[in-house]
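> Start from chain B and add chain C according to the hints.
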Amino acid sequence: MNLLIAVTIGLLTACGVYLILRLRTFPVILGLTFLSYAVNIFIFISGRLAPGLPPIIDKAAPGYTDPLPQALVLTAIVISFGMTAVLVLMAIGAHLGAGHDRVDLRDDAEAGE
Amino acid sequence: MIEQNLILVLVMLPFLGAVITATLPVNAHNAAAWISGLVLAAGLALMAVFHAPVAEGRILRGVVQWVPALQLNLSFRMDGFSWLFVTLVLAIGVLVVIYARYYLLKTDPVPRFYSFLMAFTGAMLGMLLSGNILLLVVFWELTSVVSFLLIGYWYQGQAARDGARMALIVTAIGGLCLMVAMLILGQIVGSNDLDRVLGSGDLIRAHPLYPLVLALFLIGAFTKSAQFPFHFWLPGAMAAPTPVSAFLHSATMVKAGVFLLIRFSPALGGTEAWFYAVTGTGMATLILGAVIALFRHDLKGLLAYSTISHLGLITALAGIGSKGAILAAIFHIVNHAVFKASLFMAAGIIDHETGTRDMRRLSGLMRLIPLTGTLAIVAAAAMAGVPMLNGFISKEMFFAEAVDWHNGTWLDNSLPYLATFASIFAVAYSLRFIATVFFGPPPVDLPKEPHEPTPWLRRPVEALVLICLVVGMMPGTTLGPVLNQAARAVLGPDTPHFDIAVWHGFNLPLQMSLVALLMGALLYLVFARQIAAGPEGPPLLHRIRAQRIYERLLLALSWRLPRLLHQRIGTEKLQPQLRILVLLALTFAAAVLWRQLAYATEPLANPLSPAFALMWLVGAACALGAAWQAKYHRFAALVLLGGAGLMTCLTFAWFSAPDLAVTQLLVEIVTTVLLLLGLRWLPKRREEIAEDQMLSARLRRLRDFVIAAAAGLGIALVSYAVMTRPLIPNIGDWFLRNAYKEGGGTNVVNVILVDFRAFDTFGEITVLAVVGLTVYALLRRFRPATESTNQPEQQRGEAAAALQDYLTVPGVILRWMFPAMIVVSAYFFMRGHDLPGGGFSAGVTLAIAFLVQYLGSNVRWVEARLTVLPIRWMGFGLLIAGATGLGAGLFGYPFLTAHARYVDLPLIGQVPAATAMLFDLGVYALVVGATVLMLIAIAHQSLRSARLRDQDTPEAESKEAA
Numbered sequence: 001m002n003l004l005i006a007v008t009i010g011l012l013t014a015c016g017v018y019l020i021l022r023l024r025t026f027p028v029i030l031g032l033t034f035l036s037y038a039v040n041i042f043i044f045i046s047g048r049l050a051p052g053l054p055p056i057i058d059k060a061a062p063g064y065t066d067p068l069p070q071a072l073v074l075t076a077i078v079i080s081f082g083m084t085a086v087l088v089l090m091a092i093g094a095h096l097g098a099g100h101d102r103v104d105l106r107d108d109a110e111a112g113e
Numbered sequence: 001m002i003e004q005n006l007i008l009v010l011v012m013l014p015f016l017g018a019v020i021t022a023t024l025p026v027n028a029h030n031a032a033a034w035i036s037g038l039v040l041a042a043g044l045a046l047m048a049v050f051h052a053p054v055a056e057g058r059i060l061r062g063v064v065q066w067v068p069a070l071q072l073n074l075s076f077r078m079d080g081f082s083w084l085f086v087t088l089v090l091a092i093g094v095l096v097v098i099y100a101r102y103y104l105l106k107t108d109p110v111p112r113f114y115s116f117l118m119a120f121t122g123a124m125l126g127m128l129l130s131g132n133i134l135l136l137v138v139f140w141e142l143t144s145v146v147s148f149l150l151i152g153y154w155y156q157g158q159a160a161r162d163g164a165r166m167a168l169i170v171t172a173i174g175g176l177c178l179m180v181a182m183l184i185l186g187q188i189v190g191s192n193d194l195d196r197v198l199g200s201g202d203l204i205r206a207h208p209l210y211p212l213v214l215a216l217f218l219i220g221a222f223t224k225s226a227q228f229p230f231h232f233w234l235p236g237a238m239a240a241p242t243p244v245s246a247f248l249h250s251a252t253m254v255k256a257g258v259f260l261l262i263r264f265s266p267a268l269g270g271t272e273a274w275f276y277a278v279t280g281t282g283m284a285t286l287i288l289g290a291v292i293a294l295f296r297h298d299l300k301g302l303l304a305y306s307t308i309s310h311l312g313l314i315t316a317l318a319g320i321g322s323k324g325a326i327l328a329a330i331f332h333i334v335n336h337a338v339f340k341a342s343l344f345m346a347a348g349i350i351d352h353e354t355g356t357r358d359m360r361r362l363s364g365l366m367r368l369i370p371l372t373g374t375l376a377i378v379a380a381a382a383m384a385g386v387p388m389l390n391g392f393i394s395k396e397m398f399f400a401e402a403v404d405w406h407n408g409t410w411l412d413n414s415l416p417y418l419a420t421f422a423s424i425f426a427v428a429y430s431l432r433f434i435a436t437v438f439f440g441p442p443p444v445d446l447p448k449e450p451h452e453p454t455p456w457l458r459r460p461v462e463a464l465v466l467i468c469l470v471v472g473m474m475p476g477t478t479l480g481p482v483l484n485q486a487a488r489a490v491l492g493p494d495t496p497h498f499d500i501a502v503w504h505g506f507n508l509p510l511q512m513s514l515v516a517l518l519m520g521a522l523l524y525l526v527f528a529r530q531i532a533a534g535p536e537g538p539p540l541l542h543r544i545r546a547q548r549i550y551e552r553l554l555l556a557l558s559w560r561l562p563r564l565l566h567q568r569i570g571t572e573k574l575q576p577q578l579r580i581l582v583l584l585a586l587t588f589a590a591a592v593l594w595r596q597l598a599y600a601t602e603p604l605a606n607p608l609s610p611a612f613a614l615m616w617l618v619g620a621a622c623a624l625g626a627a628w629q630a631k632y633h634r635f636a637a638l639v640l641l642g643g644a645g646l647m648t649c650l651t652f653a654w655f656s657a658p659d660l661a662v663t664q665l666l667v668e669i670v671t672t673v674l675l676l677l678g679l680r681w682l683p684k685r686r687e688e689i690a691e692d693q694m695l696s697a698r699l700r701r702l703r704d705f706v707i708a709a710a711a712g713l714g715i716a717l718v719s720y721a722v723m724t725r726p727l728i729p730n731i732g733d734w735f736l737r738n739a740y741k742e743g744g745g746t747n748v749v750n751v752i753l754v755d756f757r758a759f760d761t762f763g764e765i766t767v768l769a770v771v772g773l774t775v776y777a778l779l780r781r782f783r784p785a786t787e788s789t790n791q792p793e794q795q796r797g798e799a800a801a802a803l804q805d806y807l808t809v810p811g812v813i814l815r816w817m818f819p820a821m822i823v824v825s826a827y828f829f830m831r832g833h834d835l836p837g838g839g840f841s842a843g844v845t846l847a848i849a850f851l852v853q854y855l856g857s858n859v860r861w862v863e864a865r866l867t868v869l870p871i872r873w874m875g876f877g878l879l880i881a882g883a884t885g886l887g888a889g890l891f892g893y894p895f896l897t898a899h900a901r902y903v904d905l906p907l908i909g910q911v912p913a914a915t916a917m918l919f920d921l922g923v924y925a926l927v928v929g930a931t932v933l934m935l936i937a938i939a940h941q942s943l944r945s946a947r948l949r950d951q952d953t954p955e956a957e958s959k960e961a962a
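Line by line, the protein sequences are chains B and C. Read in our numbering, the first sequence has 3 at position 3, and its numbers run on one by one without any break. Read in our numbering, the second sequence has 310 at position 310, and its numbers run on one by one without any break.
Next up, chain B with everything else stripped away, as it sits in the complex (with noise of 0.2 Å):
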């Protein structure tokens, strides 16, 4: 299990990486949102996996895992929506203000991906 969390996080850390570096606005976004989850999920992941032991005080829980890693991922989720939503609305406006959605304005060198 530890090692198929590994891999998806590296996973998603790969597609983020690939996309971010891609020359057009949307998977740009796309890319961003994926390292986000990366991100958030080996956060989370810091406080180890531990199946059915939420961190709600209980009388008969067995055990809990550690709740601060969730409380940071928790507000981390939320503000990265905020920064996709500001990055949707710059891609728009960049594609607005220059008549294409190349990441980079002013890219004459480098035509085409």
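Treat the hints loosely; a few may be bogus.
[Claimed, not checked] Label-pair distances were calculated between CB atoms; the ranges are:
1. C:V180 - B:D58: 51 to 61 Å
2. B:A61 - C:A710: 33 to 43 Å
3. C:P25 - B:A98: 48 to 58 Å
These are computed hints drawn from the structure, not numbers from a lab. Positions of the beta carbon are idealized from the N, C-alpha and C atoms, including for glycine.
Chain C in isolation, oriented as in the chain B frame:
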């Protein structure tokens, strides 16, 4: 005790004066001058009180605790040396204020001048009286900053701005070096207390860091007192109003450097390095300043270089460091301050009365302004070192020290010759000042007809010249006691008493003085014409000017180098920057973790669940598919992204994070909607682009793929290493133990968010509010591109009519769902403190409830029936959260302290009523507001573009008709 407080009063007094004068009306010349003068006079009165204890050899102290942990206290001390110096500063200050009252023009803004002058005096006093070496640096920097403001007082002039900036850059660099020197000194000695530092001379000199400390310290002192090669800022600072020059360049600013040299000579001095560096620099400055001064045509320029030269003399004496030399240095500090201040003031009067400071145009002024002329001549004679004037006596003492044998090095042996040589030039430039300005034919073609100035402009000069005369004739009775007092304070109580007399017999120093006087007079008489006709500066040397080198350097550092660097290693493109960022992160992570990344010997076991593995197989396929298709099949990529997001959400749920799962699920929904809305306004890209098949594009993709794979592999390795290690006990355990007891909630994550770490959450919701407003601001100037303003294909043509009501059924269902969703949101909110839920997820839920109304129905229909004011939601949310936090203050608790209890409500039962709940309400409102604002603002664009379309169509039709 009373003296303690009086010292603090003394330091604060000028700053108080600065505040008062700053608030005066712009033209309150008299009031400002009176206040400043009285403040300084009050300071002088305090000095009179201090005289008796200081004369006994006591050190007076005043201490206010400031940052005890850093050993940084507001500690002030006064001994004989600082007493003399402070008195000098205050006395000259009073005279400068009187002079300035009559010198400044009616139109000059008064508050700025006097408040800066007062602040400068305060900084100077603080520096002189600091009993802590770090405090000393603070006041030292303050003098640099305020002198910048004073020199640039007439900021309308280019020269004033340049001069001020140059003075600031040079002295501030020195101040930085001094600060480092003082920090190291404090480390060496183990204390920042000035007395401890001064008493640890042997320790400091034996320390391996001594050369470094000495170098940095000397750069600090030399820049401030304009020693070669940092002397060039001083002539530039002559663009200041004359009262400022008279104050800064006689008694205060430049003297701070020599004050420091003399003050620290017991701690740092006495080594060969000190002698060579300090005496060598001093002598070089002495000669260079004297030679250049002779060739300056500008009156203030001559005086400026003369000041540099005299500062060199004092520095040289500090470098010699014998008891007699220190006494002579202190004596010359006072003498130079007196005659140079009077000369600057006299030069100011001449400038004021004739309209020029060019010595080639001035001549024969003795006939027109005889009183000022006489005063200036006496002061200039003191500067030249004519017997029976104060400058003569300290110069004799300098000569005596130069002749004395000290350490037998070549520099020591050559001192008498160098001193005499410099003195010849000093006599020559003083003579030039007297002869060209006051004698010769009557002046012609002056900008103004000169008259004697108003008597009060002359009074300060008269007072100073009187001191020159009295000290020159009776040095022993006038200044003798305080000078000895000052020298004892620097050198220790066992210093012998020095008898300061006018006549020491026909000894070698007197012969040197006579040689200098004769040779100087001869030099001037022979070369007077050539000097007047020559360039502004000595022959040959005038081409090499330190100022020009400084300007070149400044240009290179502040303009050329940054541009060169930007050209070479910078790029304005985002993609290469991102690539470099990723590569750097990879490199550093690899460098740090190389061979360090050890895996646990007994990894935490977690049996693989086939269902979960299968789930992530789908998730991985989604992620890869999204990355693959992001370019041409954007909608597909978006759906696949949602798949990966859903897997993330399930991962949270699987591993005991119900809160995260709920929030992730809800946010996933709004993110997808957001991206869909965004896609509507981004260009379509379905067609294959030919260039994409070219080799370069393939290579680029391959390169990015390799980078991405490496990054992914790295993160996977790190996460595996993290996951397999046992969890170390951390703060999370504390939260678990105390969540219910102190936070009154069983959902620990929520308690952390709204109670334990509420301040963080407060920051985060503020960020969210800022993000929401940013989106709103960006959208306000949003004008859809023409290609996107057209209606989507589905809404056009014949198909449109058929599809008119295609969402009617879902729309109605969603409308029915609306109240249910509000209830769900309220439920999430209410149970959040004890069970999964809380402000964040409840807020997003309500936002979705609003959003689906927009999705399912016509925007106009929704808007007519439902008014959402997202900005108010956000504002109230932030206010509620902030007010809850402040509310704790009413009960005497720190910001955001929460209180928890349960309340019995009829019908509902026990309900938690923690103040944290109120805070969560703020979070809730803000999340609703921000989410709705972002989504609805984008959604609204279709309304606006429809409106634009409506406007355009009639116009287009009318055009066609025409």
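> Now tell me, hint by hint, if it's right for this structure.
Verification of the supplied hints:
Separation of V180 (chain C) from D58 (chain B) is about 59 Å and conforms to the stated range, judged on CB atoms against 51 to 61 Å. About 41 Å separates the C-beta atoms of A61 (chain B) and A710 (chain C), a value consistent with the hinted range of 33 to 43 Å. Checked against the given bound of 48 to 58 Å, the beta carbons of P25 (chain C) and A98 (chain B), roughly 54 Å apart, stay inside it.
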